[in-house]
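Engineer: Take a look at the letters that make up each chain.
2 protein chains.
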Amino acid sequence: MFAPQAKSQRIITSLLDVDFYKLTMLQFILAHYRNVQVRLGFKNRTKGIHLGRYIDEKELRQELDHVMQLRVDNTELHFLRGTNEYGERMFRESNLQFLKNLQLPAYELEFKGDDIRLEFPGEWADVTLWETISLAIMNELYYRRKMAELSNFGRELVYAEGAMRLGKKIETLKQNPNITFSEFGKRRRFSKSWQEYVVQTLCQEVSPQQFLGISNTSLAMKHGLLPMGTNAHELSMTLAAISGNTDEGLRHSQDEVLQQWWELYGEGLSIALPDTFGSDYVFRTMTKSQAQNWKGFRQDSGDPFVFGEKQIKFYQSHGVDARKKMVVFSDGLTIDKMLELERHFRGRLLVTFGWGTDLTNDLGFQPLSLVTKVIEANGRPTVKLSDTLEKAIGPRDEVGRYARAFGYSCDFSAPPVY
Amino acid sequence: MFAPQAKSQRIITSLLDVDFYKLTMLQFILAHYRNVQVRLGFKNRTKGIHLGRYIDEKELRQELDHVMQLRVDNTELHFLRGTNEYGERMFRESNLQFLKNLQLPAYELEFKGDDIRLEFPGEWADVTLWETISLAIMNELYYRRKMAELSNFGRELVYAEGAMRLGKKIETLKQNPNITFSEFGKRRRFSKSWQEYVVQTLCQEVSPQQFLGISNTSLAMKHGLLPMGTNAHELSMTLAAISGNTDEGLRHSQDEVLQQWWELYGEGLSIALPDTFGSDYVFRTMTKSQAQNWKGFRQDSGDPFVFGEKQIKFYQSHGVDARKKMVVFSDGLTIDKMLELERHFRGRLLVTFGWGTDLTNDLGFQPLSLVTKVIEANGRPTVKLSDTLEKAIGPRDEVGRYARAFGYSCDFSAPPVY
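One line per chain: the protein sequences are V and X, in this order.
Numbering follows the numbering used here, in which position 362 of the first sequence is assigned residue number 362; successive positions increment by one, without gaps.
Numbering follows the numbering used here, in which position 411 of the second sequence is assigned residue number 411; successive positions increment by one, without gaps.
Derived from the structure by calculation, the hints contain no laboratory data.
Which bits of chain X does chain V cover? Going by a derived footprint, with three or more residues having C-beta under 8 angstroms, they are:
(1) 77 to 83
(2) 221 to 227
Examples of chain X residues lying across from chain V (beta carbon under 10 angstroms, computed):
(3) E88
(4) R89
(5) F91
(6) E93
(7) L96
None of the values given here were measured: they were computed from a predicted structure.
Cβ atoms here follow ideal geometry from the backbone N, Cα and C, with glycine treated the same way.
Taking the hints into account, I'd like the entire structure generated from these sequences.
Structural biologist: Shown next as structure tokens:
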């Protein structure tokens with residue numbers, strides 16, 4: 001049975017309650033970009049919902065302040081030091097020492113009318129963990145408030161609805177043993193305790209041949225699961241921003257991401273995320289040996305069917321057998337979409353899923369669309385185009401410059417700006 | 001507040017709920033003695049208490065059977081793989097794989113009148129973990145029965161008494177910051193949940209400069225503590241038993257233990273346990289370079305003051321500065337004895353303590369004196385003399401032979417036999 005957490009308990013109680021990819025990226029940052037100054041910015045993309053109306057400033061500060069008190073403990077260091085599923089001793093001792101000493105630095109918080117400005121300035125390595133931590137806090141405070149508006153029984157019904165929906169998904173999973181997935185829902189979870197309930201239930205009900213792992217490092221540790229994740233747009237965006245003023249520099253920065261990542265982790269973590277400036281650019285420019293060596297791609301925006309077809313063509317153009325290469329779909333999945341995608345690409349690509357919000361925040365409420373991104377690096381604004389207009393961010397002139405540099409064909413004259 | 005475990009919960013729920021030394025010894029066994037056949041035997045040394053009167057055979061079988069279902073999980077493997085406090089990557093991958101696949105083999109159990117015969121035959125590496133596991137099970141079943149004889153309020157008073165006694169110890173510790181110790185009380189704990197309560201309280205109340213670590217691997221992992229321990233009599237006893245019929249072989253086997261241990265772990269785990277066949281033998285025969293290299297000794301039987309003085313003389317005879325060498329007292333400690341010993345040896349040896357039964361089983365009941373030892377190796381009976389007559393075990397003629405071989409001067413003509 002699900003037991004909701006007491007309201008008095010803090011939302012984040014461990015610095016490893018972050019996506020595993022934060023830790024793999026942290027090593028990348030420490031290896032090459034130790035002194036880059038960045039600013040992470042929180043952004044609510046949910047139309048019609050103004051978080052300042054739901055979240056209490058004092059409570060938010062309490063949660064954020066509490067995170068600043070946290071330290072990585074000895075067992076957590078053991079867990080990371082002992083991680084060798086993606087390569088022997090993948091966390092270097094010097095980086096474990098960095099983590100041992102890490103204290104998340106101060107945030108900037110301002111309630112502006114109904115909106116909330118929350119930013120994290122500092123050295124990249126110091127602030128990067130704030131990303132998924134700030135998202136989980138915002139989500140949980142928002143839903144706590146939504147739940148507080150209900151009666152006791154009303155809340156019970158919410159959990160009952162959540163359990164029913166989870167039950168249906170599990171039934172479908174059991175009927176479709178071809179579906180394999182990892183739980184990627186930390187950042188947009190309804191609450192910490194609900195995520196834990198979902199994960200526990202999946203452990204009990206779904207075969208480990210289907211439920212492969214989890215992005216949440218703490219929960220991986222707690223439940224003996226495989227921590228999952230490679231990297232995020234953060235790398236591409238930051239490296240592009242600090243690359244200088246030339247189109248050549250922009251393009252070169254993206255080759256760097258792939259090369260330096262490969263140097264650091266080799267095949268173990270070789271799932272590329274190509275859509276930061278349009279996947280077409282990456283499919284066009286990745287080399288034959290990269291096509292051969294890298295395990296595959298993660299799809300995170302645009303039409304997943306179109307993406308998969310492009311990925312197959314990419315392999316064909318390099319004479320690589322696509323059937324041995326992986327696609328990890330991770331964009332707004334539902335069980336039905338997963339079934340469709342798996343059927344469509346079965347036998348043509350190795351298909352697996354990073355299943356997030358729909359797993360950990362499906363109790364009847366509208367999920368929020370929140371992001372915390374690097375918005376500035378060494379004083380330069382960052383840009384993301386992605387494979388879908390709605391997800392693009394950055395100042396308009398920079399977006400235009402990036403689009404030209406990467407040969408991106410969409411029309412960016414209208415919306416996407418922050 | 002302490003919350004006792006539900007009776008329906010199993011006593012052992014993880015194969016790492018064992019002393020850390022079992023795992024360091026397991027590596028030693030796997031490296032050199034993979035195929036030695038042994039028999040572990042449980043023995044109740046408590047005078048006047050017949051366990052068969054207190055422990056129900058069916059319940060005991062349920063607990064033991066449950067242990068046979070347990071497997072080391074992924075997080076536990078990470079924890080061990082990540083253990084580098086005593087040397088880089090001290091657990092070899094092949095041995096972690098052994099642990100991953102380990103299932104404890106069947107036991108032999110027989111209720112004979114009021115006594116219980118419990119033995120574990122099999123390959124040494126397969127059965128060795130049964131030692132501290134069987135002890136914890138026997139203890140907890142016995143004290144559950146004792147508690148069942150009380151009223152609800154009677155039980156509350158037991159826990160209140162336990163808390164008061166623990167509180168006094170903690171107060172004394174705070175007043176004596178020179179005292180450093182590790183918690184060694186897994187094998188004779190009152191119950192799993194009481195040990196956990198004690199450990200949690202120590203974490204909260206006692207500085208990590210005093211509370212250095214813990215022998216229980218699971219609890220080290222759960223509380224971010226340093227797992228503590230090196231080795232036990234098991235190595236000396238087994239190697240002696242399989243050494244053949246000559247006195248020379250017996251003596252040589254003990255040199256082997258030290259040499260092979262050093263080869264495996266070097267300085268990291270170089271705390272010798274010298275008393276298996278009388279500490280005098282070891283003090284007489286350890287070489288100058290061993291005296292220089294090894295960190296120190298654990299004292300586990302006989303008079304601790306006499307032992308410490310002998311240890312100091314041993315270093316003097318080799319021109320080694322005793323003040324830089326360690327003594328770990330671990331035999332039947334109380335806080336008063338610790339204070340006395342620390343005062344006596346302060347500035348002459350580095351003094352620390354392995355504090356067991358008195359920490360985890362001090363609630364007013366008489367502690368049981370239980371052991372599970374290798375009683376047979378490759379068909380030969382084992383022997384232990386130790387520095388005190390009462391702890392000696394083995395068939396009388398073998399005890400005599402060992403005493404002669406190791407130049408042990410005590411009179412073994414009377415009691416110690418099993």
